[in-house]
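Student: Each chain, letter by letter, is given below.
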Amino acid sequence: MSRHLTYRFWLCVTTASCGLVGGVALGEPAVLAFGLPFLLALLLSMAEEWWPSVTVNSAEPSTVRAVEGDIVKLVVELDVPARTPYVDLELQVSAAMESTDSLHRVTSFTTAGRHTETFSLRLVRWGVARPDWLTVVTRDRFGMTEVVQHVLLPTPIRVHPHTERLIRMAPLARTNPAVGDHRSRRRGSGTELAEVRPFRPGDPLRSVHPRLSARRGMPMVTERHVEESSDVVIYVDSVQDIGEDIETTLRWTVTASTALAKRHLRSMDRVGILDRGAGVRWLEPSLGRRSLHTIVDALLATTVLPTAGRLPAISFGAIPAGATIFAVSPLLSVVVRNDLATLRRRGHEVVVIRPDALPPADVSYKAQRIFRVQNEIKRRELADVGIFVVPWDPAEPLEPAIRRVAAGMGRMRAGR
Amino acid sequence: MSEPHSQNPGEKEMRTRDLLVTPPAALALAATTLVCMGGLPFIGLAGSLVILVIGLALTFMAISSGSHFAAVLATAYLMLPIALMLESATDQSPVGWAVAGVFFLGFLSCLQLTFATRRFGRVSDTVVANELAGLGVLGFASVVLAVLVSSLNATTLDLNWLLVPLTIGLLLVGGAGLAVAAASRTGEHDKRRWKPGERMIPPAIGAEDDPLLR
Chain A
1 MSRHLTYRFW
11 LCVTTASCGL
21 VGGVALGEPA
31 VLAFGLPFLL
41 ALLLSMAEEW
51 WPSVTVNSAE
61 PSTVRAVEGD
71 IVKLVVELDV
81 PARTPYVDLE
91 LQVSAAMEST
101 DSLHRVTSFT
111 TAGRHTETFS
121 LRLVRWGVAR
131 PDWLTVVTRD
141 RFGMTEVVQH
151 VLLPTPIRVH
161 PHTERLIRMA
171 PLARTNPAVG
181 DHRSRRRGSG
191 TELAEVRPFR
201 PGDPLRSVHP
211 RLSARRGMPM
221 VTERHVEESS
231 DVVIYVDSVQ
241 DIGEDIETTL
251 RWTVTASTAL
261 AKRHLRSMDR
271 VGILDRGAGV
281 RWLEPSLGRR
291 SLHTIVDALL
301 ATTVLPTAGR
311 LPAISFGAIP
321 AGATIFAVSP
331 LLSVVVRNDL
341 ATLRRRGHEV
351 VVIRPDALPP
361 ADVSYKAQRI
371 FRVQNEIKRR
381 ELADVGIFVV
391 PWDPAEPLEP
401 AIRRVAAGMG
411 RMRAGR
Chain B
1 MSEPHSQNPG
11 EKEMRTRDLL
21 VTPPAALALA
31 ATTLVCMGGL
41 PFIGLAGSLV
51 ILVIGLALTF
61 MAISSGSHFA
71 AVLATAYLML
81 PIALMLESAT
91 DQSPVGWAVA
101 GVFFLGFLSC
111 LQLTFATRRF
121 GRVSDTVVAN
131 ELAGLGVLGF
141 ASVVLAVLVS
151 SLNATTLDLN
161 WLLVPLTIGL
171 LLVGGAGLAV
181 AAASRTGEHD
191 KRRWKPGERM
201 IPPAIGAEDD
211 PLLR
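Line order of the protein sequences matches chains A and B.
Taking the numbering used here, I'd label the letters of the first sequence as residues 1 to 416.
Taking the numbering used here, I'd label the letters of the second sequence as residues 1 to 214.
Simulated from the structure, these hints should not be mistaken for laboratory data.
Predicted model only: the values in this text are computed from it and were never measured.
Treat the hints loosely; a few may be bogus.
Just the calculated beta-carbon pair ranges, DEER-fashion [what the hints assert, rightly or not]: (1) A:82 <-> B:38: 39 to 45 angstroms; (2) A:314 <-> B:204: 45 to 51 angstroms; (3) B:164 <-> A:118: 49 to 55 angstroms; (4) B:44 <-> A:118: 51 to 57 angstroms; (5) A:120 <-> B:126: 40 to 46 angstroms; (6) A:314 <-> B:126: 56 to 62 angstroms.
A virtual CB, placed ideally from N, CA and C, is assigned to each residue, including glycine.
All chains should be built: construct the whole structure from the sequences, respecting the hints.
Tutor: Structure below.
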C-alpha cells in the first residue's frame, strides 16, 4: 500500500498561494478570487478526510475448477471503514481469461461496512488461470490524496480442456502381478477364458468343468487369463507449443494425456508423468483417485518455458523397468525423438500419439506434401527402433487412435 | 506520461474514437468549444478559430494520453479565452474570477473522469454525483467569499491581518506536503513504481499452481 499526494494537491497549493500572494502584493481582488476555489478545495478536503482507504477482505472465484469457455464470478469483499467517495478497482488477469463486462470500475461507498463487487470472467484457455492482481485506488472527494493498493489474488482456477472418456486401452506388453484390467499371458484366476484342456495331476479340483467333463466323458478343466495391471508413464512433449488461438499442439497433448491417464488409472494401472520441456517434471507412477487429481493438476500446469541453446539430455533412471511409455507429441523436436529412442533402447515399450492437425486449406499443395513427407520420415525413423507412432487428428475423438494403437501394436510385436 | 488503453491482453485495446464519445469526454470537448468560442465578440472569427483548434487539440491530447500533465495544460489553456472574456467585461467583478477557478477544477474533474473510463472502465453514477456535489459546494462557497472579498475591497479596511497569516499557513501546508512527498517517494528505477494501466508482473508459478512443486 502506498499513499500519495496527487498532482491536484500541488496544483491547489500553488494556485492558492499565488492567488493570495498576488492578491495581497498587487492589491488585485480578481487574483485573490481566482485562488479562492483552490484554497477552499484544499481546506474542504482536509476537513473531510485525507487518504481514505478500504481493505480487501477476500477475492475468491466462484469455482476453482472449470472447463474452457465457462464463466466464473470473482467476488471481491471490501471492508470499508468510512464513507469513501472514490474507489477505483482494476483487475489484472492472465491471458487465459477475459472479462465479460469490465475489469475496471470506479465506484463510491456511501456507508461503512462490508461491500462486495463482482467481476465476471470467461475462461478462454486451458491451464492454471488466475486473476493476478487487484489494484485498488482510493481518493478523497477533491482528489488531493490517494492510496494505492496492489492485492495479489492467490486462488488459481484450473481450467480443463474438453476431454473424452476412453473405452479402449492399448494392450500392454509387460504387466505386474497386481490385479488390474489387462489380460496377461499367464493363466490363473481371471475372468476371460484362455483354454479348455484335460485334467492333469496337480490341477485344483475346482477348476474342473462339470458339464464339459460329463459331455466328454473325462475330467476337463478351464484355464483363464489373469488380469493384471501395469506401469504407464505418459511422456508429455512441452518443448514447443505451435498453433493458433487455443488450437495448439500443447493443448492437444494435454487433452490426450489427461484422457490416457484417466483411462489407465480406471484400470488400476500405476500412472506417472514425464513432462519434457526446458526442464523435466517427473511424477512417479502411482495409483488411485488422489493420484488422478495430482496428474490432472500437473498436466494443467504444463507450460512451454523459454530456453536458450540446446536442451540437455536427461537420464531416465527413475522410470520403473517394464513401464510402458505413452508419448503424446507432435514430434517436432529432435530432443523428443532422441528421448523416445533412448527409452526404447532401455527396453520400454514406447507408443507415440502424434496430434496431427491437417494444414489449413490455403496452404499450398507443395507445403502440404513436404509436411506429410517429413512426418513419414519421422515415423519411419522411430519405427526402425521399435516405436509405434499413430497419428491423431485432434478434430476427431481419441478413441479411434487408441484402437489403431491396439491393432498396430499387436502386428508390431508379432513382427519383432 | 501516457497510459495504455488496455491493461489486460485478453481485452481488445480501447480505441481513442470510442473513448472520445464517452459522456465525460464529449462534455470536455463541448466545454472547450464553448469556452474557446466565447472570445468571438472580442477577437474576431479567425482568432477564435485559432484558439479553438489549439484548445481542442490540447483537450484531445489529454483525453487520448491519459496524462495528468496534459490535462492541467489543456485546462490552463482554457483560462486564456476566459481571462479575455473577463477582462473585456464591463464590471470586472472578482466573482467572475472565482467562477473561472471553479470551472478550472470542474474541467479537470471532467478530464479525470475520462481517465476513469479508459480501459473500459465503468464509472458509477454515485461517483459523478459526488464530483458534482463537491463542485457545487466549492462553487457556492467561492462565490460567497468572492462577493465578501469584493465588498471588503470596496471599503477602506485593511485585510492584511487575515490574508498574510492565511498565505503563510498555506505555504506551511505546501511545505509539509513537500516533506511527505519527499519521504514517500520511490526512486526512478524502483520496480514498485506503478502507473495506472501498467501491466504488473504476474506472480510466479507456485505450489498452488503445480502439484509437482510441492
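Student: Compare the structure with each hint and give your call.
Tutor: Tested hints:
1. A:82 <-> B:38: 39 to 45 angstroms: holds, 41 angstroms
2. A:314 <-> B:204: 45 to 51 angstroms: violated, 23 angstroms
3. B:164 <-> A:118: 49 to 55 angstroms: Between residue 164 of chain B and residue 118 of chain A, where Cβ atoms are some 54 angstroms apart, the hint holds.
4. B:44 <-> A:118: 51 to 57 angstroms: holds, 56 angstroms
5. A:120 <-> B:126: 40 to 46 angstroms: This hint is violated: roughly 21 angstroms between Cβ atoms.
6. A:314 <-> B:126: 56 to 62 angstroms: holds, 59 angstroms
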